[in-house]
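K.L.:
Single-letter residue listing:
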Amino acid sequence: MRIKTFKYGIHPEERKHISKGMAIASLPPGGLLKIPLDQHIGKPAAPVVKPGDAVKEGTLIAAADGYVSANIHSPVSGTVIKVETQPNFRGGKSTCIFIENDFKYEKDYLPPAEKDKDSLVKRAREAGIVGMGGAGFPLDVKLSPKNAVNTLLINASECEPYITCDYRLMTERAEKILKGVEYLRIASGAANAVIGVEANKTDAFEELSRYAGGNITVELLKTKYPEGGEKQLIYALTKKKVPAGKLPSDIGYIVSNVATAYAMAEAAEDGKPLIERIVTVSGKAVGKPANYSVRIGTSFRELKEASEGGENFVKAIAGGPMMGVALHSVDFPVTKTSGALLLLTEDEIRSVEPTPCLNCGRCANVCPMSLLPMRTDALILHDKIDECRQYHPELCIECGCCAYVCPAKRPLVQSQRLAKKLIRQKGK
Amino acid sequence: MQQTTSKKLLVTSSPHVGSSLTTRKIMLHVIVALSFPLIAGVVLYGFYALFVVALSTAAAVFGEWLFNKIRKKPNTVSDLSAVVTGIILGLNLPPTVAFYVPIVGGIIATMFVKMLFGGLGKNFANPAATARIFLLLAWGAQMMNFVNPIDYSAVTAENLFMGFTSDAAYVTSATPLAEIKAAAQTGAPDVDLLAGFLGTVGGTIGETCKLAIILSAIYLLVFRIIDWKIPTGYFLSVAVCSLIFYKEGWNFILPGLLSGGVMFAGVFMLTDYTTSPVTRAGIWIFAVGAGLLTVLIRRFGGMNEGASFAILLMNLLTPLIDKATKPRPFGYVKPKKVKGEAHESKN
Numbered sequence: 002m003r004i005k006t007f008k009y010g011i012h013p014e015e016r017k018h019i020s021k022g023m024a025i026a027s028l029p030p031g032g033l034l035k036i037p038l039d040q041h042i043g044k045p046a047a048p049v050v051k052p053g054d055a056v057k058e059g060t061l062i063a064a065a066d067g068y069v070s071a072n073i074h075s076p077v078s079g080t081v082i083k084v085e086t087q088p089n090f091r092g093g094k095s096t097c098i099f100i101e102n103d104f105k106y107e108k109d110y111l112p113p114a115e116k117d118k119d120s121l122v123k124r125a126r127e128a129g130i131v132g133m134g135g136a137g138f139p140l141d142v143k144l145s146p147k148n149a150v151n152t153l154l155i156n157a158s159e160c161e162p163y164i165t166c167d168y169r170l171m172t173e174r175a176e177k178i179l180k181g182v183e184y185l186r187i188a189s190g191a192a193n194a195v196i197g198v199e200a201n202k203t204d205a206f207e208e209l210s211r212y213a214g215g216n217i218t219v220e221l222l223k224t225k226y227p228e229g230g231e232k233q234l235i236y237a238l239t240k241k242k243v244p245a246g247k248l249p250s251d252i253g254y255i256v257s258n259v260a261t262a263y264a265m266a267e268a269a270e271d272g273k274p275l276i277e278r279i280v281t282v283s284g285k286a287v288g289k290p291a292n293y294s295v296r297i298g299t300s301f302r303e304l305k306e307a308s309e310g311g312e313n314f315v316k317a318i319a320g321g322p323m324m325g326v327a328l329h330s331v332d333f334p335v336t337k338t339s340g341a342l343l344l345l346t347e348d349e350i351r352s353v354e355p356t357p358c359l360n361c362g363r364c365a366n367v368c369p370m371s372l373l374p375m376r377t378d379a380l381i382l383h384d385k386i387d388e389c390r391q392y393h394p395e396l397c398i399e400c401g402c403c404a405y406v407c408p409a410k411r412p413l414v415q416s417q418r419l420a421k422k423l424i425r426q427k428g429k
Numbered sequence: 595m596q597q598t599t600s601k602k603l604l605v606t607s608s609p610h611v612g613s614s615l616t617t618r619k620i621m622l623h624v625i626v627a628l629s630f631p632l633i634a635g636v637v638l639y640g641f642y643a644l645f646v647v648a649l650s651t652a653a654a655v656f657g658e659w660l661f662n663k664i665r666k667k668p669n670t671v672s673d674l675s676a677v678v679t680g681i682i683l684g685l686n687l688p689p690t691v692a693f694y695v696p697i698v699g700g701i702i703a704t705m706f707v708k709m710l711f712g713g714l715g716k717n718f719a720n721p722a723a724t725a726r727i728f729l730l731l732a733w734g735a736q737m738m739n740f741v742n743p744i745d746y747s748a749v750t751a752e753n754l755f756m757g758f759t760s761d762a763a764y765v766t767s768a769t770p771l772a773e774i775k776a777a778a779q780t781g782a783p784d785v786d787l788l789a790g791f792l793g794t795v796g797g798t799i800g801e802t803c804k805l806a807i808i809l810s811a812i813y814l815l816v817f818r819i820i821d822w823k824i825p826t827g828y829f830l831s832v833a834v835c836s837l838i839f840y841k842e843g844w845n846f847i848l849p850g851l852l853s854g855g856v857m858f859a860g861v862f863m864l865t866d867y868t869t870s871p872v873t874r875a876g877i878w879i880f881a882v883g884a885g886l887l888t889v890l891i892r893r894f895g896g897m898n899e900g901a902s903f904a905i906l907l908m909n910l911l912t913p914l915i916d917k918a919t920k921p922r923p924f925g926y927v928k929p930k931k932v933k934g935e936a937h938e939s940k941n
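Protein chains in written order, with the numbering used here: chain A, 2 to 429; chain B, 595 to 941.
Hints were generated in silico from the structure; no laboratory data involved.
From a predicted model like this one, the values you see are computed outputs, not experimental measurements.
A virtual CB, placed ideally from N, CA and C, is assigned to each residue, including glycine.
Fair warning: there could be bad hints in the mix.
[Said to hold, decoys possible] Label pairs and their computed distance ranges (CB to CB):
| # | chain 1 | residue 1 | chain 2 | residue 2 | range |
| --- | --- | --- | --- | --- | --- |
| 1 | B | Leu-815 | A | Ala-192 | 43 to 49 Å |
| 2 | B | Ser-672 | A | Gln-87 | 42 to 48 Å |
| 3 | A | Lys-289 | B | Thr-606 | 43 to 49 Å |
| 4 | B | Lys-667 | A | Arg-390 | 28 to 34 Å |
| 5 | A | Thr-218 | B | Val-671 | 27 to 33 Å |
| 6 | B | Lys-917 | A | His-12 | 29 to 35 Å |
| 7 | A | Lys-422 | B | Val-816 | 24 to 30 Å |
[Stated by the list, open to error] Examples of chain A residues toward chain B, derived with CB under 8 Å:
| # | residue |
| --- | --- |
| 8 | Val-142 |
| 9 | Glu-312 |
| 10 | Ala-317 |
| 11 | Thr-346 |
| 12 | Pro-355 |
| 13 | Pro-357 |
| 14 | Cys-358 |
| 15 | Leu-396 |
Whole structure, please, built from the sequences with the hints as guidance.
P.N.:
Quick look at the structure:
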């Protein structure tokens, strides 16, 4: 059997061995949790509690505000301390709800949901589930596309280096994941579901295959980055290309993450809202690498301390090393989309001193979108916005392959982002 | 302020990890690869050949250093690209040139062809190939004075250092290229293929020993420094064009490949990043075009060798080739002309 994959891309050093063997461990939260209200794409949720209110684990504290938005629930039982605007790690500001933990963990979950399409979509919304692979798109919106969906694709590739949270989830909790996949399939109206697992996780593949059956199949994918990119995954599994500017549902597919499927199962069966997720703590500066089950709102600092993170790191990253966000401090809370906290030392990171472009073409060779990143880089740095358009920076998925291979260490992804922004500002 | 104990962290755009390959490492790999034909050249033509290459290298580095000095720019010689240019130029010179030829050539290559146009990555033509053509026009006789390799059986105590100076007892010879040219009409070139492969013929310092060049090519391909498409396309193109343009062309395929600078150009010069296309289709067009031009110049031009001119001409076409072969982004569909719709909405 020829192993499935997409065209081009790279094979970065995996470095998953650091945390691969660490079973999921529950990390109890500290006394104060800080829950941002904009953990998803779309409008931030609107607070429905006020300081002094008593909440339980699972109590709704902020409600979806508008169609593309998501509910937010209290991860612990305790008291609301304050609702305040705080700087976030993306450089902007977010409204956050602070909750004091009473360490009683009294639950306030929803009743189990009916297993029909409408109830499941409703439950996804009630439980505040968003895409947990990184983008944070509200699940109920994704499950209600304009066009009919034929196949649900589950991204279990976990192609980012270092991260092992989905891997641990798959090897330890495959049965529940498969239930979640089935609920997602029903909710989306898809006839069948396909789970794509990268070939470096054969044990996860076998675990999932054990429980798969009926309308759900599991496929092995080549270990290559960005195998889990939405368009790349669709192409790898179906050989169909999502036309530029269109959504996967326009060609009959929906893509969801394996952790999202697990959250769906918990919400549907146990009535548990999305208040907890698995976070990998890794990197050379970490003494005890781990895969923690963490409540949303726990500070990264607590993760760092639990993992005996040293002070010899130069970069702290929320998410994977290819697409994650560099933190300027570890005093930020875990959100619904935080798959990892990486503390990287000097010798692990990419040099940040760019040298002149050699025109070697490596970036063009690896670009999974077949763009010419070096052209955008050269043009946008000279403000040639109109000339830039012909190289279609708007199609860039920001996977970082180009910058990874660049021998001149040019900030190619940053240039693509800049080009997108300037083109948008300038308008048509 | 809650962030009291936080230390300063590096905050940059993603990705945060990268390959360990740098510009300098690439140049080091190329220098290692260049050492094979250089060693072969010194064995074949004596120590003066090493002197020639050393001079051209020093001059190339000096040219870049001087330019930066004059323009008050940060020094760029540490990226080693000038060293590569200098060695390539030296290997492109006959082993008998006077000492000033590599010096002038090296300075022309970096100072005028490379730095004047913006330095590394910005030059429009291959510095070494352009400098070679300049030297060919300036000192034609010297640049086409090819000699046979040293006859080691004749080495005695007195002439041990034969080949140490440019006027040593070399035996001037016609290169296999001259023979190919002469035989173009008859269809039967008298070329010793084994000699051409081992390099025991007249030619420039680095071009003659094809064995060494093949070793370099393997080295560069293993370390993924060069794109296999360029030498492959170029050699195939030279072979096919030889077949087409010569009488009884099959007799010219191997002699054509194993003579002159075809191998060296295909491995070291056409593969220059800056002056070759970046698109997948463009690279094939570039390589095939260079092969065609090489054979056309050899067959119909006034010169015996066409590789340098072919490189230069294809370098000049590179921006156009890149533009014409811009890849279609994944999933990109040409926006439909909305003229009709706009018309309808007006009505």
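K.L.:
If a hint holds in the structure, say so; if it doesn't, say that too.
P.N.:
Going down the list of hints, with the structure as the test:
1. A hinted range of 43 to 49 Å for the beta carbons of B/Leu-815 and A/Ala-192 is consistent with their spacing of about 47 Å.
2. The given range of 42 to 48 Å is respected by B/Ser-672 and A/Gln-87, whose C-beta atoms sit roughly 45 Å from each other.
3. At about 27 Å, the beta-carbon gap between A/Lys-289 and B/Thr-606 misses the expected band of 43 to 49 Å.
4. A hinted range of 28 to 34 Å holds for the C-beta pair B/Lys-667 and A/Arg-390, which are about 32 Å apart.
5. A C-beta distance of roughly 58 Å is found between A/Thr-218 and B/Val-671, which places it outside the suggested range of 27 to 33 Å.
6. Taking the beta carbon of each, B/Lys-917 and A/His-12 are about 31 Å apart, inside 29 to 35 Å as hinted.
7. Range check, A/Lys-422 to B/Val-816: Cβ separation about 41 Å, and the 24 to 30 Å hint is violated.
8. Of the supplied interface hints, the one on A/Val-142 is violated, with its beta-carbon coming no nearer than about 22 Å to a beta-carbon of chain B, more than 8 Å.
9. This hint holds: A/Glu-312 has a C-beta 7 Å from the nearest C-beta of chain B, less than the 8 Å allowed.
10. Hint status for A/Ala-317: holds, given a least beta-carbon distance of 6 Å to chain B, under 8 Å.
11. Because the smallest distance between the Cβ of A/Thr-346 and any Cβ of chain B comes to about 11 Å, over 8 Å, the interface hint for this residue is violated.
12. Proximity of A/Pro-355 to chain B is violated relative to the hint, the smallest CB-CB distance being about 10 Å (cut-off 8 Å).
13. With its C-beta approaching chain B no nearer than about 5 Å, A/Pro-357 sits inside the 8 Å limit, and its interface hint holds.
14. The beta carbon of A/Cys-358 comes within 5 Å of a beta carbon in chain B, closer than 8 Å, and the hint placing it at the interface holds.
15. For A/Leu-396, the interface hint holds, since its Cβ comes within 8 Å of a Cβ in chain B; the closest pair sits about 5 Å apart.
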